[in-house]
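Line by line, the protein sequences are chains A and B.
Numbered per numbering that gives the first Met the number 0, the first sequence spans residues 0 to 129.
Numbered per numbering that gives the first Met the number 0, the second sequence spans residues 0 to 235.
Think of the hints as simulated: they come from the structure by calculation, not from any bench.
Treat the hints with caution; some may be incorrect.
Unchecked claim - Okay, the calculated beta carbon distance ranges per label pair:
(1) A/71 with B/223: 26 to 32 Å
(2) B/192 with A/87: 22 to 28 Å
(3) B/117 with A/95: 36 to 42 Å
(4) A/50 with B/69: 25 to 31 Å
Keep in mind it's a predicted model, so treat the numbers as computed, not measured.
All residues carry an ideal CB built from backbone N, CA and C; glycine is no exception.
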Amino acid sequence: MNPSLFQLIFVPLIAILAIHAVLRLWLHRVPRRWGILQVVAWTAAAYLIAEPDATLVLAGWVGIGRGTDLILYLAVLGGLFACYYFYDRYRRIEILLTKLVRHDAIDCAKKGDDSPPAMEDDVHSVICKG
Amino acid sequence: MNSETVKDAAALPEGLWVVIAAYNEQRRIGAVLKNLSRIAKNIVVVDDGSRDETAQEILRHPVWLLRHVANLGQGASLQTGISFAIRQGAEYIVTFDADGQHDPTDIHAMLDALNANSADYALGSRFLGEAAGIPFFRKLVLRSAVFFTRIVFGVSLTDAHNGIRLMTRRGAERIQITLNRMEHASEIVEQIAESGLKYVEVPVHITYTADSLAKGQKSSAAISLAIKLLIEKVVR
């Protein structure tokens with residue numbers, strides 16, 4: 000069977016990404032677990048595009064009738080997981096940034112009018128300049 | 000806010016701290032601080048990364064200024080001010096808006112209600128008191144917020160998003176605002192309910208002006224606010 004245009008474009012493209020992931024894992028550029036997950040994901044994607052019927056077999060194993068349905072379910076679950084993951088990271092960074100800004104604001108408290116400054120040690124004057 | 004009324008009002012207790020979050024309030028904050036400082040000895044204003052001369056204006060008054068180097072939001076600013084007041088030994092903490100909508104003399108009534116009911120939180124209610132000049136749509140949104148708070152957090156209030164709140168030190172220590180922007184109002188209500196401490200609602204006076212309405216939170220933001228709260232509730 001001749002490969003389709005989609006397969007001609009995407010199988011080599013994703014294969015390159017899989018090789019890139021292997022190299023990054025090999026050179027310890029990514030955490031081991033995350034690197035393995037990337038290699039498996041890209042290799043599976045390339046294989047399933049090259050051999051679409053394989054999804055039918057997989058779908059049969061898990062009791063889903065059609066391969067496209069299996070891919071759709073996995074894509075939806077993957078999307079939800081990604082949303083959760085990135086929202087969680089965003090919130091952690093936001094909370095950390097807030098703590099830093101709050102710490103700085105409290106350390107550099109100033110009293111208005113003619114009142115004496117909050118702290119007069121050298122560290123305070125260096126940190127809270129301006 | 001009538002400045003003569005404030006002038007005649009008795010001084011608030013020494014251990015009471017007023018916390019104000021201010022963002023680009025250069026034109027309004029001066030009058031608010033002038034009136035408040037007539038009755039309150041301890042005032043802390045958190046300048047939330049303002050781009051105008053808000054900080055300089057604050058420093059003209061006998062109050063504490065804390066500056067956020069970046070704009071984080073009203074919730075984050077209130078938590079900064081509350082944490083600072085607790086460190087300074089506050090016995091009571093009041094949150095107060097920077098735009099002049101609140102009446103400082105209401106704090107007396109809130110303090111009386113708090114003590115009379117042995118409560119840890121006194122929450123201002125414009126619908127038990129007075130909301131002068133409130134636009135119809137704003138009223139509708141606030142009523143919807145009351146309904147939302149009842150359904151989602153199981154707390155029955157007449158005004159769920161009022162910026163004037165009084166709490167004891169114990170009550171303030173139970174509050175940890177993590178939602179930086181306007182969602183914090185609902186988060187506070189939720190944390191009050193979770194704390195198991197007693198709360199009372201007290202009638203207060205809110206005066207809307209064209210200026211405060213222009214600067215204040217847009218009613219249309221209520222939907223995105225509700226969505227954020229629901230997401231946070233699901234994810235947490």
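Verification of the hints:
no. : hint                        : result
1   : A/71 with B/223: 26 to 32 Å : 29 Å, holds
2   : B/192 with A/87: 22 to 28 Å : 25 Å, holds
3   : B/117 with A/95: 36 to 42 Å : 38 Å, holds
4   : A/50 with B/69: 25 to 31 Å  : 52 Å, violated
The structure does not agree with numbered hint 4 stated previously, though it agrees with all others.
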